[in-house]
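Student: Residue numbers (the working numbering), protein chains in the order written: chain W, 12 to 423; chain H, 12 to 423.
None of these hints come from the bench; they were simulated from the model. Where hints are given, some of them may not hold.
Which copy is meant is left open, so a pair is good if it fits within one copy or across any two.
To be verified - Think about it this way: if two alpha-carbon atoms lie no more than 20 Å apart in a straight line, the pair counts; the simulated SDA-like pairs of lysine to any residue are:
hint : residue 1 : residue 2
1    : LYS182    : ASP72
2    : LYS322    : THR351
3    : LYS377    : PRO82
4    : LYS377    : GLY200
5    : LYS211    : GLN117
6    : LYS322    : ASN355
7    : LYS211    : THR21
8    : LYS208    : ALA126
9    : LYS243    : GLY42
10   : LYS140    : PRO331
11   : LYS194    : ILE28
12   : LYS104    : THR325
13   : LYS211    : LYS258
14   : LYS183    : LYS336
15   : LYS115    : VAL380
16   : LYS238    : ASP85
17   : LYS115    : VAL202
18   : LYS238    : MET216
19   : LYS127    : LYS211
20   : LYS115    : LYS378
21   : LYS115    : GLY200
Protein chains: 2
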Amino acid sequence: MRAEIISVGTEILLGHIVNTNTAYLSKKLAGLGIDLFYHTTVGDNPPRLIATLKAALSRSDIIITTGGLGPTVDDITLSSLCGAVDRGLVFEKGIEKDIAQYFKNQGLRKMPDDAKRQALIPRGALWFKNPVGTAPGILIKHGRKILIALPGPPRELVPVFETGIVPYLSKKGYGGEWIIKTKTIRTAGLVEAEVNKIVKDLLSMGPATTLGIYVHLGQVDLKITTKAQDEKTADRNIAKIEREIRKRLKTYIFGVDHETLESAAGYALAAKRKTLAIAESCTGGLLANRITNISGSSKYFLMGVVAYSNKAKTSFLGVPGKLIKKHGAVSKEVALDMATGIKNLAHSDIGIGVTGIAGPSGGTGKKPVGLVYIALADARGTMVRECHFIGNRQDIKHQASTAALVLLRSII
Amino acid sequence: MRAEIISVGTEILLGHIVNTNTAYLSKKLAGLGIDLFYHTTVGDNPPRLIATLKAALSRSDIIITTGGLGPTVDDITLSSLCGAVDRGLVFEKGIEKDIAQYFKNQGLRKMPDDAKRQALIPRGALWFKNPVGTAPGILIKHGRKILIALPGPPRELVPVFETGIVPYLSKKGYGGEWIIKTKTIRTAGLVEAEVNKIVKDLLSMGPATTLGIYVHLGQVDLKITTKAQDEKTADRNIAKIEREIRKRLKTYIFGVDHETLESAAGYALAAKRKTLAIAESCTGGLLANRITNISGSSKYFLMGVVAYSNKAKTSFLGVPGKLIKKHGAVSKEVALDMATGIKNLAHSDIGIGVTGIAGPSGGTGKKPVGLVYIALADARGTMVRECHFIGNRQDIKHQASTAALVLLRSII
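With the rest of the complex left out, here is chain W (with noise of 0.2 Å):
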């Protein structure tokens, strides 16, 4: 089964909301089996409405639109699905007393006139309730393909997708032969072309089970994919070459799937029953947010402070002023006395201090925009991390706070 998904709607064309559909529905055809070749984005314009569902018909065995079923002339996928497929409108009263309903629960006594139009539907064709809106689900059968039209508001998407569509497919047995399951394996440490040489020879195994790699500001997903018959053997489809891929990466895998750097270097400092603290300059409180966005955080995050100023570094973490005059607030000197100096205020077991610059301004020719120290000490001393990041300023706080988890981690 071959699927395509075509969105209607000028107001997409031109960018004015970002289309957020087609990701839930390619996700929901993966999972039932279906496989998806095209999405296609139209404009409330019928005839090209219309050339795209032929071309869609020709190719396709299952079509989804999404949009363009509200009751203004503006909508036109009802009338251009006619046009494809040749039938007529005609008037469903049971939505006419759907929508009535829904019109009197939201307390009105009266249904607007133009709302009616939502119960004109192409002759012959199925339709499915909407349980928060007035535009119903409609499915048409063509000869052997099926053309299924959605509301466009992802919040009336969905439960006619899900409470209709999805038990009429599995029903009638459209997909289920086949199911698509991924699971992403997390690296940071590496660049992109670095891991690319370690696991080249597995992007390319195909059909059945592949591998991506995708990469982040300092991050590089390896998304692993398989197509199987059963969930039974997609999982040891998957186990194959996560194995595989554990193998050659070690430790520079921090997780799968949801898991973050920030839940990783948390579960390792709850587990192991170790306290942090952090000094920030150039993340100017990234670092900190980052962390606290686990849940459980209070467990093993004492405190954090944003020394911003050098007055603050120097009067609050102790960090000698002769130290940031002779090396500069940006050095090595100076974020290792930031990584103690938080230590020692908040006694926990590890401190991190991170100082750099951020840009656009404050680089020079021997201190350029992008140049971080991140430095750690606990019980068995300090280290220090020279980087050097390239992007805008949120880039470089995100690129510097990446690392700095990178290397706590690797320290517990």
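Keeping the supplied structure of chain W fixed, place chain H upon it in accordance with the hints.
Tutor: What follows is chain H alone, placed relative to chain W:
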């Protein structure tokens, strides 16, 4: 001029990522007066991508692809472009030099062999430097049509498009008779229904100029969109409705377009030469992070303390242990003492204290998840606000930091 966008990537068709590039490019093209008629997404499949490119060439003047420019064998955009316009790939020394420099900046002495693949471009194509990555932007002239290939990661796509493609399109006279211009008026302090009530009559003016309401956590944006024959008319259309909105919403408006609450507050602090220090508990560094996202914030932001443990609150900010015991760490009294404590400690003009329960655990019947106290201290005295937020841990942190910025702005 008719344009269309083709997004390349199986990960999009599997729903693994939400495609934000198309919304960004759509908006940019509208601003250039270039009509966009289609978005299409195809997987990493050369025959399907070539077929899509050929269909696009048959109906559009400007074709923009996103994604599939990486160094791996999965990256098929350039070879497919070559297939669609019947050209070969050639090695471009200038790109190799840029890539080598990129890796040098990243601290890698040697460029990985695979990375060299990204220096291969279609014969006769132009290329545009990628300031934050290794895949350059590519532009092919094909008869009277042009094909543009952009890297997939938004943080690379945006600078390549803005620094390379936009100047090229403008210089070469692409762009159309009509331009579409938008301006966003940003408000905070009112909920959507309140804003809606105030501007309701302006929402259905159309068709040349329209107004839309967009809601974020703790903020409501009003987006003015106008279609006009020239910049001047567009500006006049926008100014007319903006005046009306400003008359009605007054100080609830904190900025326009890319301005944020943190930039507005920072601007006000700098103008009044006031300094700020903050003590955060439940926001965990997010408030400091937002404030320090603004370039130049070191002028007014002296320091922040993330006082996560009670000990940090007492021994550091001078909040009496008795006070915490009597009222609890989440209380008006403690918030006020945190604000005064950090103000005294940092010798700043203004101090902020935030304490609350971000959840998901830690709530009680009397003090539920989402309860947050925000206090301010300055030369004139102190104030405190009790807030109740709904959402997950990060939503609550975000709303609390937004409310703190709204309060800060109101007293500067």
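Student: Under a CA distance limit of 20 Å, which applies to LYS211 and LYS258: within one copy, between copies, both, or neither?
Tutor: within (14 Å within a copy, 61 Å between copies)
Student: For the identical chains here, do LYS238 and MET216 meet the 20 Å Cα criterion within one copy, between copies, both, or neither?
Tutor: within (13 Å within a copy, 50 Å between copies)
Student: With identical chains treated as interchangeable, where does the CA-CA distance between LYS322 and ASN355 reach 20 Å or less: within a copy, between copies, both, or neither?
Tutor: Close inside one copy (18 Å) and across copies (14 Å); limit 20 Å.
Student: Please work out whether the CA atoms of LYS104 and THR325 approach to 20 Å or closer within one copy, between two copies, in both situations, or in neither?
Tutor: This pair counts as neither: shortest intra-copy Cα distance 62 Å, inter-copy 50 Å.
Student: Within, between, both or neither: how does the pair LYS211, GLN117 come out at a Cα-Cα threshold of 20 Å?
Tutor: between (52 Å within a copy, 19 Å between copies)
Student: Are the CA atoms of LYS115 and VAL202 at most 20 Å apart within a copy, between copies, both, or neither?
Tutor: between (49 Å within a copy, 13 Å between copies)
Student: Classify it for me, LYS182 with ASP72: is the Cα-Cα distance of at most 20 Å met within a copy, between copies, both or neither?
Tutor: within (17 Å within a copy, 45 Å between copies)
Student: Is it within, between, both, or neither for LYS115 and GLY200, if the alpha carbons may be no more than 20 Å apart?
Tutor: between (47 Å within a copy, 16 Å between copies)
Student: Please sort LYS238 with ASP85 into within, between, both or neither, judging by C-alpha distance up to 20 Å.
Tutor: between (40 Å within a copy, 18 Å between copies)
Student: Please work out whether the CA atoms of LYS243 and GLY42 approach to 20 Å or closer within one copy, between two copies, in both situations, or in neither?
Tutor: Within one copy, since 13 Å is at most 20 Å while 51 Å is not.
Student: Between copies, within a copy, both or neither: which fits LYS322 and THR351 at Cα up to 20 Å?
Tutor: both (17 Å within a copy, 19 Å between copies)
Student: With identical chains treated as interchangeable, where does the CA-CA distance between LYS194 and ILE28 reach 20 Å or less: within a copy, between copies, both, or neither?
Tutor: between (28 Å within a copy, 14 Å between copies)
Going down the numbered hints, you'll see the structure goes against 3, 4, 10, 12, 14, while the others check out.
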